[in-house]
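Asks: Read off the chains here:
Protein chains: 2
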Amino acid sequence: MGKAAEYELYYWPGIQGRGEFVRLALEEAGASYIDVVRESPAHGGGTKALMALLGDDTLPAIPFAPPVLKHGDRVIAQTANILLYLGPLLELTPPDEAGRFAVNQHQLTLADLVAEAHDVHHPICVSLYYEDQKPEARRRAAQFLSQRMPKFLGYFERVLSKNRTPGGAYLQKGMLTYADLSLAQVLFGLEYAFPRAFAAFSPKIPLSLGLRDAIAARPRIRAYLDSPRRIPFNEDGIFRHYPELDA
Amino acid sequence: MGKAAEYELYYWPGIQGRGEFVRLALEEAGASYIDVVRESPAHGGGTKALMALLGDDTLPAIPFAPPVLKHGDRVIAQTANILLYLGPLLELTPPDEAGRFAVNQHQLTLADLVAEAHDVHHPICVSLYYEDQKPEARRRAAQFLSQRMPKFLGYFERVLSKNRTPGGAYLQKGMLTYADLSLAQVLFGLEYAFPRAFAAFSPKIPLSLGLRDAIAARPRIRAYLDSPRRIPFNEDGIFRHYPELDA
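Residue numbers (our numbering), protein chains in the order written: chain Y, 323 to 569; chain W, 323 to 569.
No lab work stands behind these hints: they were computed from the structure. Idealized CB from N, CA, C, for every residue including glycine. Any given hint might turn out to be false.
Unchecked claim - The calculated lysine-lysine pairs, modelled on PhoX-like cross-linking and capped at a C-alpha distance of 25 Å, are:
(1) Y:Lys484 to W:Lys370
(2) W:Lys456 to Y:Lys456
(3) Y:Lys473 to Y:Lys495
(4) Y:Lys370 to W:Lys370
(5) W:Lys495 to W:Lys526
To be verified - Simulated coverage check for chain Y against chain W, where a stretch passes if three residues somewhere in it have a Cβ under 8 Å from a Cβ of chain W:
(6) 361-372
(7) 392-399
(8) 433-447
(9) 472-482
Start from the sequences and build out the full structure, keeping to the hints where you can.
Replies: So this is what it looks like as structure tokens:
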């Protein structure tokens, strides 16, 4: 594992998961980082590296779960917390304190939506397989798609609508922040998981889709999405396409 | 509504809910605050005041949901975000940046546990009644009590165990923070909701229970818990005692 990288990200291999919100911020900023667990075990990578970190009782704040970011002597867990830390370093959050709290607020609301989207396929417990909770998942999916997804996405559309400027509509008026990157990722994920329901709802969120498309067209994000670093969506992650759950 | 109070908290009336994590920090610090929605509508309170706030499109960061804190010209939503803001003002977080990120990390992990504890009685959707999702709730409760509660509480016990000093064991070594107050509240809530399962698990978390009891004995917290300001646990909040869900 090259020790020259400035940031080290630790996350489960094989899925985008919550690690993806961190990756998108690092990629947009062109930061030097290593996705540690995806490196070979011979070079300090692999799941073993993640397990060693999670089991390290000498850390000032032991992580409960990945993602975990290492930066110098800092070791930080919890997605929104990592982004709060990275925001100023990557210039993806406002320089003023009030703006940083606003962006953190949006990120936490997105985190709530992500947790609810995940639990559509795991309404009973994460430690059971989807196959062991399919009837419950079907009930939850109907509620999520008719109630919760519209409520959350309608809210973010309202925020964007209030923040329109000639330069575009962002969650934080006047600048692209890590919360916008996360919103774009949530929209990618919901469209992947629920293509029919998402298409039906899409006419109601033109600003959100415009933001998502503008982010996907940014040179570094576009290069990332087209690279092997971007793990494809799959049925092990947060956003899973099970046709029986789509409206 | 007296305008002399320094802080204004907006939260749903009648339940502790997520507002309680903010209340406990304000109470421990002896802060001057108003629980706005619990004031009379004639004095600017009531649910109408909350609805006006949630509908205010002129706010720099529109809240998705309560709790919301007003402090001077700041309007901040999302529980962990409010506490991140209040921490330094109430001296309930370390003065150094690394310490504040550590406390925020713990608070976010507690927020994850709170969301999972809530969804025990609402595994299908928050917009349906408990009575409409009882079989699913029963399945989820069994998983929560056998898998998730032990995992989370075992984790916090591990953190406390690593942080023991002659002055006590806290989530952030050497000082009481708002995350400790929140952990105590989660323990109160889990014991209320699942008295049998909690009693059975209790021998495994002596440091956590010691922290909880020490917090309950702090003069300002004790006075608060004994006052009418502390809303009793009930079956409308996050932590609900439905005997059929207890192991």
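Asks: To test your reading of the hints: which numbers does this structure violate?
Replies: The structure conflicts with hints 4 and 6, although it agrees with all the remaining ones.
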